[in-house]
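Trainee: These are the residues of each chain, in order.
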Amino acid sequence: MIRFENVGKRFPGGVDAVVDLTLAVVPGETLVLLGTSGSGKTTTMKMVNRLIEPTSGRILVDGTDVMRLDPIALRRKIGYAIQHIGLFPHMTVAENVTVVPRLLGWTGERIASRADEMLSLVGLEPGAFRDRYPTQLSGGQQQRVGVARALAADPPIVLMDEPFGALDPITRDQLQNEFLDLESEIQKTVVFVTHDVFEAVKMGDRIALLDGGRLQQLAAPAELVENPANEFVDQFLGEQRFQLALVTRTLESILPGDEGEPVDGTTDSGPCLRARDSLITALDRFKQSRRDVLPVVRRGRPVGRLAKRQLLQAITQVLDESGGSA
Amino acid sequence: MNVLGAFFDKLGLEILQRTHEHLFLTFFAMLIATAIALPLGVALARCRAAALVSVVMGVAAVVQTVPSLALIAFIVLLFALAHLPTIGVVPALVALVLYALLPILRNTYTGIRQVDPAVIEVATGLGMKPHQILFRVELPLSLPVIMAGIRISAVWTIGVATLCTLIGAGGLGDLIMRGLRTIQMDYLIAGTVPAALLAVAFDGILARLERWLTPEGLRTGGR
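Chains L and B, in that order, are what the protein sequence lines are. So in our numbering, spot 37 of the first sequence is number 83, and the numbers just go up one at a time. So in our numbering, spot 10 of the second sequence is number -3, and the numbers just go up one at a time.
Worth double-checking, as some hints may not be accurate.
[Said to hold, decoys possible] Listed next, with one range per pair, are the computed distances between beta-carbon atoms:
| no. | chain 1 | residue 1 | chain 2 | residue 2 | range |
| --- | --- | --- | --- | --- | --- |
| 1 | B | I192 | L | D214 | 43 to 49 angstroms |
| 2 | B | A37 | L | T68 | 36 to 42 angstroms |
| 3 | L | D219 | B | V42 | 38 to 44 angstroms |
| 4 | B | L71 | L | D116 | 47 to 53 angstroms |
| 5 | B | A38 | L | Q220 | 48 to 54 angstroms |
| 6 | B | K116 | L | R345 | 47 to 53 angstroms |
[As the list claims (entries may be wrong)] Below, a list of computed lysine-lysine pairs in the DSBU-like style, where the Cα atoms sit at most 35 angstroms apart:
| no. | chain 1 | residue 1 | chain 2 | residue 2 |
| --- | --- | --- | --- | --- |
| 7 | L | K248 | L | K234 |
| 8 | L | K248 | L | K333 |
| 9 | L | K234 | L | K123 |
| 10 | L | K248 | L | K354 |
| 11 | B | K(-3) | L | K234 |
| 12 | L | K92 | B | K(-3) |
| 13 | L | K248 | L | K92 |
| 14 | L | K123 | B | K116 |
| 15 | L | K234 | L | K92 |
Read the hints as simulated data drawn from the structure, not as lab findings. The beta carbon of each residue, even a glycine, is placed where N, CA and C say it ideally should be.
Okay, chain L solo, but in the shape it has when bound (with noise of 0.2 angstroms):
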């Protein structure tokens, strides 16, 4: 779907903002680009709706050159959503929201009806918001309002630059949890902008960690953690690296494989944990549910208990592994 092939950007005045950088991305997946500031994941996003033109290589999309295709065009069918949200202060709600359809020339009815949907979509009361202006909305619903204007126009991509940087950490932690939710339901090829390790191992089904410009590597969350390709991801991770792979570490991990005894239909209702909840959420559903052993479920069928006490076993190895490849 967006394929990077040897591409490069050098700024005026010799600065190489990415080198040599190939790279695809999988059409539905959520790929993050992660680095700190100056690493050139920002430039890497903006070359693809073409706010930024490579100066060497080339960008597929859909197989297509983007420097081969209308700019205007090419942005209309990319969502763009950016951390400052950027919502513009003279427009309405609802407004803001139908900026791309408006500029697609639908009809007024349709316009409407989808301002109205995309507001329920990211968790706005349509008959409460459409009419407000940005000034009279917290952080949090501005950036909501944001997201639905990136989904309006129902873009294959979507661009997410540090969307909800701005946040404080428990409306971010809430938001992110939605656009999960959200984009488990839409299926988007979202390109998604962040420093914040954590944030990326949240959101990304692969990492693209880059630095200098270029890429240090490219791995699912897990697998990022867990096998470092280098010694500035290495580095990158840190001291981190113990709390990362509670995150990413799934009990899938440490189940004792098929042999546990099926779960008895008395506790089905009752809490029980996911195989691919990660070590943090299990502990915390223990924590929740105050029992000793859960069951746990893999795709809603029982496959076994698990203890509290293996819990924390696991945990222990996982610092112990931390501690000594650090």
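Guided by the hints, dock chain B onto chain L, whose structure is given.
Mentor: Here is chain B on its own, set in the frame of chain L:
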């Protein structure tokens, strides 16, 4: 009452006529100045050559520093050298337009420059064309600043227009000059008070226009 009645009997008709001339001068000077300064301000805001911007702004600012009386004298002189009519409405309008340009030009420039770059980038990223960005984003967002420039300009122009009597362009200055030459207070008042009222009225009307044109979301205090 008797005094007022006598005053209006004597000067009422002339006041109306001079006010009409004054309004005509001011209105067309403002119209022309806006038509020049607005596009020029937009062009300057987009201009990447900082040197060019400061030259244009500098020239406009220098024009502003020339005393209005001297500016009119210069225009007349230049017109004389170019064998153009030196008396009447045309040279007067040229002087007024030159004088009215700067506040509109400067405010258009700063108004557009102060639009949040993030908003412009989003507009671009969402696929707006340059003219759509200008008309749908930049101009609406800088409108309060531009209108403030137009208001300043209008109030100045009404004042400067009283000097246009010197080159036979009429206006309320006629009454003021006659009062000065003949030492008659009633002429002086008949010229000054309407000019002051005009300035207040113009400013009021433009303030209304500004409020009406300003997008709702930008008005302070919400709704």
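Trainee: Taken at face value, is the distance from the CA of K333 of chain L to the CA of K248 of chain L at most 35 angstroms?
Mentor: 21 angstroms, holds
Trainee: At the C-beta level, are A37 of chain B and T68 of chain L separated by a distance inside 36 to 42 angstroms?
Mentor: 39 angstroms, holds
Trainee: I want to verify a distance hint. Is the separation of the beta carbons of A38 of chain B and Q220 of chain L within 48 to 54 angstroms?
Mentor: Given a distance of about 50 angstroms, which is inside 48 to 54 angstroms, the answer is holds.
Trainee: Kindly confirm whether 43 to 49 angstroms is satisfied by the beta carbon distance between I192 of chain B and D214 of chain L.
Mentor: The hinted range 43 to 49 angstroms holds for I192 of chain B and D214 of chain L, with Cβ atoms some 46 angstroms apart.
Trainee: Hinted pair, alpha-carbon criterion (35 angstroms max): K234 of chain L, K92 of chain L. Please report holds or violated.
Mentor: Distance ~18 angstroms between K234 of chain L and K92 of chain L Cα, so the pair holds.
Trainee: Is the hinted range of 47 to 53 angstroms satisfied by the C-beta distance from L71 of chain B to D116 of chain L?
Mentor: Distance hint for L71 of chain B, D116 of chain L holds at roughly 50 angstroms.
Trainee: Hinted pair, alpha-carbon criterion (35 angstroms max): K(-3) of chain B, K234 of chain L. Please report holds or violated.
Mentor: 81 angstroms, violated
Trainee: Could you check the hint for me, namely that D219 of chain L and V42 of chain B are 38 to 44 angstroms apart, CB to CB?
Mentor: 53 angstroms, violated
Trainee: Does K116 of chain B lie within 35 angstroms of K123 of chain L when you go C-alpha to C-alpha?
Mentor: Distance ~14 angstroms between K123 of chain L and K116 of chain B Cα, so the pair holds.
Trainee: Measure nothing beyond the straight line between the CA atoms of K248 of chain L and K92 of chain L; if it is 35 angstroms or shorter, mark the hint as holding.
Mentor: 22 angstroms, holds
Trainee: For the pair we were handed, K92 of chain L and K(-3) of chain B, check the Cα-Cα distance against 35 angstroms.
Mentor: 74 angstroms, violated
Trainee: K116 of chain B and R345 of chain L, beta-carbon distance inside 47 to 53 angstroms?
Mentor: 48 angstroms, holds
Violated hints for the displayed structure, listed by number in ascending order: 3, 11, 12.
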